[in-house]
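Position chains B and C against the provided structure of chain A, taking the given hints into account.
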Amino acid sequence: MSFEQRLTSLGLTLPSPPQPVATYVPSVRVGDLLFISGVVPSREGQIVFQGKVGGDLSKEEGYEAAKVSLLNALANIRQAAGSLDRVQRIVKMTGYVASHEGFNEQPYVINGASDLLVAIFGEAGLHARAAVGVAELPMSVPVELELTVQLLPGDS
Amino acid sequence: MSFEQRLTSLGLTLPSPPQPVATYVPSVRVGDLLFISGVVPSREGQIVFQGKVGGDLSKEEGYEAAKVSLLNALANIRQAAGSLDRVQRIVKMTGYVASHEGFNEQPYVINGASDLLVAIFGEAGLHARAAVGVAELPMSVPVELELTVQLLPGDS
Amino acid sequence: MSFEQRLTSLGLTLPSPPQPVATYVPSVRVGDLLFISGVVPSREGQIVFQGKVGGDLSKEEGYEAAKVSLLNALANIRQAAGSLDRVQRIVKMTGYVASHEGFNEQPYVINGASDLLVAIFGEAGLHARAAVGVAELPMSVPVELELTVQLLPGDS
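Protein chains in written order, with numbering that gives the first Met the number 0: chain A, 0 to 155; chain B, 0 to 155; chain C, 0 to 155.
Hints are not guaranteed to be accurate.
[Claimed, not checked] Partial selection, computed: residues in chain A whose CB lies under 8 Å from chain C: (1) LEU32; (2) ARG88; (3) SER98; (4) PHE102; (5) ASN110; (6) SER113; (7) ASP114; (8) HIS126; (9) ALA127; (10) ALA129; (11) ALA130; (12) VAL131; (13) ALA134; (14) GLN149.
[What the hints assert, rightly or not] Some, not all, of what chain C presents toward chain A, calculated at C-beta under 10 Å: (15) ASP31; (16) ILE35; (17) THR93.
Hints in this document: simulated from the structure, not taken from any laboratory.
Only a predicted model underlies this, so the values are computations on that prediction, with no experimental measurement involved.
Don't be surprised by glycine CBs; every beta carbon is placed ideally from N, CA and C.
Looking at chain A on its own, in the form it has when it is part of the complex:
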């Protein structure tokens, strides 16, 4: 099953790629590496989760927010590469979690994105990762993700 088919079989559809709110772009490709701008839990331009995890939001809500954020990263990959099937490997993800004082389960929250990467890409979705807790995120979102992806060679 292709990665695009796997996405469909999971009952998921990707949103429109999020539009950068300033003078930057959704992703930049250098050779086979695709560097993706920070993505947040929005759908079609609407923020769908706000608040700090461990306070306003439960860790389970944070997990969902990470999943929604990841769909935006996938939309960026598809836009840049034409199809998720052009992915060779998910290389690295840094997950920032807006954390209430004393909340230390950032890994649980970012698993919302990591688990989905592996569900879609299998072995190719196993990535290096860091999860940190930050004070504040843009538009009061609970999660922001930065990804680096390796694409199949040949069409850069």
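Showing chains B and C alone in chain A's frame:
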């Protein structure tokens, strides 16, 4: 107009490259990629903005701090590559904003750097970006920037 | 003296590589670049420092925590590459310091890792670096490190 000429036409001059305050270096090159150490709003070794944005500093002051920080990144690029004209593409920038409780306009602040990148490098300055709000930054600066740059091939 | 010999001559031994606590992997290699997952101050699965630097922990304790964290990154490198002697260059390190309100000596803390990199790898250990202060880290650790390393070509 070359990138160096564009810089001059904007009335800007670069400071001396900031000296690392410890056992690291201003940048490391791997192939055509240049990884630049975190830069802060200093000029010739003097910090020129201190405090948290949204509290001690306005978002407009944060924007200026991001601009001053970027000049240090450009100084590092020129030092490593010989000239800004050796830049092929600004690949990625992560902007950390020391944020007062409840301040969520990190993108506005980091635009101070993004806007200047595009003013100088045009299309080549359009980068992938993430902006996050952090609790504290070194020397109480309001902004720290991490950049990855692609240089023209041929002289590594 | 090889890097492995240098490690031994410093009286250091590496722990077992830390096991990811979720659906990600310790490192991912793309060409000669090795991207390493976030490492924290643990030894054989046990966290050895907890708390925020500048409050619960002194900056000197933070420095030690950075050193212990780095040993885990080195264990990941050895696991991925077979030996530390396969390192061509330490490219970049981002150091996150869980910081008590008003603590701004993140560079001092992260020097615990930077100094050790240079002690082991010499010139090849001089890296680009950013140090930031964050609100909270997983499992209440005071330090988390993200590294990118260039390996010698030829055996990917």
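A quick look at each hint next to the structure:
Contact between A:LEU32 and chain C, as hinted, is supported at the beta carbon level, the nearest pair being about 7 Å apart and thus within 8 Å. The criterion of a C-beta within 8 Å of any C-beta in chain C is met by A:ARG88, whose closest approach is roughly 7 Å, and the hint holds. Because the smallest distance between the Cβ of A:SER98 and any Cβ of chain C comes to about 4 Å, under 8 Å, the interface hint for this residue holds. Taken as an interface hint, A:PHE102 checks out: its beta carbon lies about 6 Å from the nearest beta carbon of chain C, inside 8 Å.
Below 8 Å, beta-carbon pairs count as interface contacts, and A:ASN110 has one with chain C at about 5 Å; its hint therefore holds. Look at A:SER113: its Cβ gets to within about 4 Å of chain C, closer than 8 Å, so that hint holds up. Evaluation of the A:ASP114 hint against chain C yields a held restraint, the C-beta minimum of about 5 Å falling below 8 Å. At about 5 Å, the closest approach between the beta carbon of A:HIS126 and any beta carbon in chain C falls short of 8 Å, and the interface hint on this residue holds.
Because the beta carbon of A:ALA127 sits about 4 Å from the nearest beta carbon in chain C, less than 8 Å, this interface hint is met. Hint on A:ALA129 holds. Least Cβ distance to chain C is approximately 3 Å, under the 8 Å limit. For A:ALA130, the shortest C-beta to C-beta distance to chain C is roughly 6 Å, which falls under 8 Å, so the interface hint holds. Look at A:VAL131: its Cβ gets to within about 5 Å of chain C, closer than 8 Å, so that hint holds up.
Restraint check, A:ALA134 versus chain C: the minimum CB separation of about 4 Å is within 8 Å; hint holds. With its C-beta approaching chain C no nearer than about 5 Å, A:GLN149 sits inside the 8 Å limit, and its interface hint holds. The interface hint given for C:ASP31 is broken, as the beta carbon of that residue sits about 12 Å from the closest beta carbon of chain A, more than 10 Å. The beta carbon of C:ILE35 comes within 6 Å of a beta carbon in chain A, closer than 10 Å, and the hint placing it at the interface holds.
Residue-level restraint check for C:THR93 holds (minimum Cβ-Cβ distance to chain A is 8 Å; threshold 10 Å).
In the structure shown, a violation is registered for the earlier hint numbered 15 alone.
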